[in-house]
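**Q** Residue numbers (the numbering used here), protein chains in the order written: chain A, 374 to 601; chain B, 17 to 435.
Be aware that one or more of the hints could be misleading.
[Unchecked claim] In silico DSSO-like links for lysine-lysine, alpha-carbon gap of 30 Å or less:
| hint | chain 1 | residue 1 | chain 2 | residue 2 |
| --- | --- | --- | --- | --- |
| 1 | B | Lys170 | B | Lys154 |
| 2 | A | Lys488 | B | Lys243 |
| 3 | B | Lys422 | A | Lys487 |
| 4 | B | Lys22 | A | Lys497 |
| 5 | B | Lys422 | A | Lys392 |
| 6 | B | Lys422 | A | Lys388 |
| 7 | A | Lys562 | A | Lys503 |
| 8 | B | Lys243 | B | Lys76 |
| 9 | A | Lys503 | B | Lys22 |
Quick caveat, the hints were computed from the structure, so don't treat them as lab data.
Given the structure is predicted, the values throughout are model-derived calculations rather than measurements.
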Amino acid sequence: MAILTLKEIKKEFTKGEQKVFALRGVDLNIDKGEFLSIVGPSGSGKTTLLNIIGCLDTPTSGNIEYDGKVLGTLNEKALSQYRKENIGFIFQSYNLIPVLSVLENIELPMVIEKKMDQSEITEKAMDIIKAVGLESMAHRLPREISGGQEQRVAIARALVKNPIVVLADEPTANLDSTTAQEIIALMEKINQERQTTFVFSTHDPRMQEHAKRVIVLKDGAIADDERR
Amino acid sequence: MNMLIKIAFRNLLRHKWRTLLTGIVIAFGLWIYLFMDSVMSGLDRGSIDNMINLSTSAVKIHTAEFDKERESFPLNYGLTNIAALEKHLAGHERVKACAPRTQFLGELSNYEESMPVIGTIIEPKQDSMVFSLTEYLKGNYFSEHGVNEIILGKDLARDMNVAIGDNITLFALTKYESHNAEDFIVIGLFHTTDPTLNKSGAYITFKDANTFLDLENTVTELNVQLKRRINLDDLEQDMKQVRAYIDKQFPKLATYTFIELGAGVLELVKQKKAWGVGMTLVFLLIAAVGIVNSVLMSVYERVREVGVLRALGLEGREIVRMFMLEGTMIGFFGSFVGVLLGCITIFVLTTVGYPLDVIYKDMYVDTAGFPYWGTIYGEWNVPLIIGTFLFGIATAFLASIYPARKAATMSVIQAIRFF
Numbered sequence: 374m375a376i377l378t379l380k381e382i383k384k385e386f387t388k389g390e391q392k393v394f395a396l397r398g399v400d401l402n403i404d405k406g407e408f409l410s411i412v413g414p415s416g417s418g419k420t421t422l423l424n425i426i427g428c429l430d431t432p433t434s435g436n437i438e439y440d441g442k443v444l445g446t447l448n449e450k451a452l453s454q455y456r457k458e459n460i461g462f463i464f465q466s467y468n469l470i471p472v473l474s475v476l477e478n479i480e481l482p483m484v485i486e487k488k489m490d491q492s493e494i495t496e497k498a499m500d501i502i503k504a505v506g507l508e509s510m511a512h513r514l515p516r517e518i519s520g521g522q523e524q525r526v527a528i529a530r531a532l533v534k535n536p537i538v539v540l541a542d543e544p545t546a547n548l549d550s551t552t553a554q555e556i557i558a559l560m561e562k563i564n565q566e567r568q569t570t571f572v573f574s575t576h577d578p579r580m581q582e583h584a585k586r587v588i589v590l591k592d593g594a595i596a597d598d599e600r601r
Numbered sequence: 017m018n019m020l021i022k023i024a025f026r027n028l029l030r031h032k033w034r035t036l037l038t039g040i041v042i043a044f045g046l047w048i049y050l051f052m053d054s055v056m057s058g059l060d061r062g063s064i065d066n067m068i069n070l071s072t073s074a075v076k077i078h079t080a081e082f083d084k085e086r087e088s089f090p091l092n093y094g095l096t097n098i099a100a101l102e103k104h105l106a107g108h109e110r111v112k113a114c115a116p117r118t119q120f121l122g123e124l125s126n127y128e129e130s131m132p133v134i135g136t137i138i139e140p141k142q143d144s145m146v147f148s149l150t151e152y153l154k155g156n157y158f159s160e161h162g163v164n165e166i167i168l169g170k171d172l173a174r175d176m177n178v179a180i181g182d183n184i185t186l187f188a189l190t191k192y193e194s195h196n197a198e199d200f201i202v203i204g205l206f207h208t209t210d211p212t213l214n215k216s217g218a219y220i221t222f223k224d225a226n227t228f229l230d231l232e233n234t235v236t237e238l239n240v241q242l243k244r245r246i247n248l249d250d251l252e253q254d255m256k257q258v259r260a261y262i263d264k265q266f267p268k269l270a271t272y273t274f275i276e277l278g279a280g281v282l283e284l285v286k287q288k289k290a291w292g293v294g295m296t297l298v299f300l301l302i303a304a305v306g307i308v309n310s311v312l313m314s315v316y317e318r319v320r321e322v323g324v325l326r327a328l329g330l331e332g333r334e335i336v337r338m339f340m341l342e343g344t345m346i347g348f349f350g351s352f353v354g355v356l357l358g359c360i361t362i363f364v365l366t367t368v369g370y371p372l373d374v375i376y377k378d379m380y381v382d383t384a385g386f387p388y389w390g391t392i393y394g395e396w397n398v399p400l401i402i403g404t405f406l407f408g409i410a411t412a413f414l415a416s417i418y419p420a421r422k423a424a425t426m427s428v429i430q431a432i433r434f435f
């Protein structure tokens, strides 16, 4: 069953007096537990699509449904609330908060959500730190760990609230090949063990190899949808 | 909220030099203000006290006739009801003492050259209860049995080339407007805070003046000293009360308080205070620009961080709160240090003082139009200190609004450059 449904998603931008069509009516169903890669040349609309899936942007027209809930009609605040509760993000350049420790960075989404007390938050964060193999680094600052370890922290941060979907932007782009393999393996492991849905954009052929479904975007429309 | 405080605080530590410099600007502005206020208040109060204690007294009473011609110091309009006046004044709780005085114009000669003087005739014992001439005196004060003794200003004595123990001749018109001259022995020299008094002041007693000027104990002014008040406004209130008290019983007399006699000085005090406030506002404006700059820099450096926080669900108002916390923390730090330094400085000023006479040696210090000499003691103004502290924090708080709002209204997508 689809946990995420995009119906006729269109997005237009105005550049000066010119209209730019970033997405030209994208229809897409994503099922729970998918390990899905979005690929395509620069300007094909990958970023815009992921922004809309991540509730960071709203479509010009069309509907987006999460678990049957239509999000197209929600305002900015409601979208923010939905994002907070249901979506995890992994960024290309990790984007950890530099003044917070590894543990605090992972605790951050739960602290922002304000639904648990601190001991519960710390307990959950420590569980996920163990899952990504960083328990010995819990109290280090981001600048005191390697790039690969930072990306592990980012993955842990994205997973800590058991989101419906984890969106990852070029998660291996800044990593060396060995570390990139480790990160791909980690994401795959989490995907298999927890049935967490991953949607990631990538140019990395190694990542594409591991994807169970590859969406190819071209000029704002889906050119290919390959299931493996 | 704890997480926001943690992030804000750690970011300040992360950029400690920037935080320190911005805090120092605030601290410096507040410190200068508190220092200046304490010194200026002490200086103003010292100047006012000196004028009251040396020449004007707190309340001065003349006859109405004398008042009309007082520029020429006439000797024939004396107060006729001194005893009744003194008795009446003794009944007021704020009155400390009264002293009669009579002033006259004369000329002093050392047999080679002569100089004009403003003579003041006093009742030595009573006068020292009201005025503090003895505090500035070198040599002797008037003795009980002394005859034709005179006390001169130090500068006058220097110009006349006379010293303690020398004889000098005093010329003046008597009460009946005939010329008279008398030799006096210089028993003391005073060096007060009033350069005019030092250059042209001469004091003799009523006992000698009765013979010299046919004075017949004519008293042209009764000077009233009031009990000390720390607060100048309270002192002004006392003066008004005492004048009303005199006017009620003696409505025909001309009664003046220091509020009129020292109107120029009081006006200068107010103007200086306004300047002080103006200067502080300039300092705080500079500090505010510093805070805006500092928080804006922080915002621009952390665009991506703001984007991440927004993506993770932090709301715009929480972003505003986080950056405003940063700005306000700088303000708190700066205000705390500034007020602490201010309090230490005021403590030193109120206990040790600022010895003008030692620092400037024999130079007179003209403090914006009225003289001061000796040691300036600072004054504590607790409400002002608290107000300054809160004002520093409020300035920082207000200065943080703009950059904080800027951070909160950033486009999440642009901030994060997510995909």
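**Q** Does each hint hold? Answer for all of them.
**A** To see whether the hints hold, each was checked on the structure:
| no. | hint | verdict |
| --- | --- | --- |
| 1 | Lys170(B) to Lys154(B) | holds (9 Å) |
| 2 | Lys488(A) to Lys243(B) | violated (67 Å) |
| 3 | Lys422(B) to Lys487(A) | holds (25 Å) |
| 4 | Lys22(B) to Lys497(A) | holds (20 Å) |
| 5 | Lys422(B) to Lys392(A) | holds (28 Å) |
| 6 | Lys422(B) to Lys388(A) | holds (23 Å) |
| 7 | Lys562(A) to Lys503(A) | holds (14 Å) |
| 8 | Lys243(B) to Lys76(B) | holds (15 Å) |
| 9 | Lys503(A) to Lys22(B) | holds (25 Å) |
Hint compliance for this structure: hint 2 is the single one not met.
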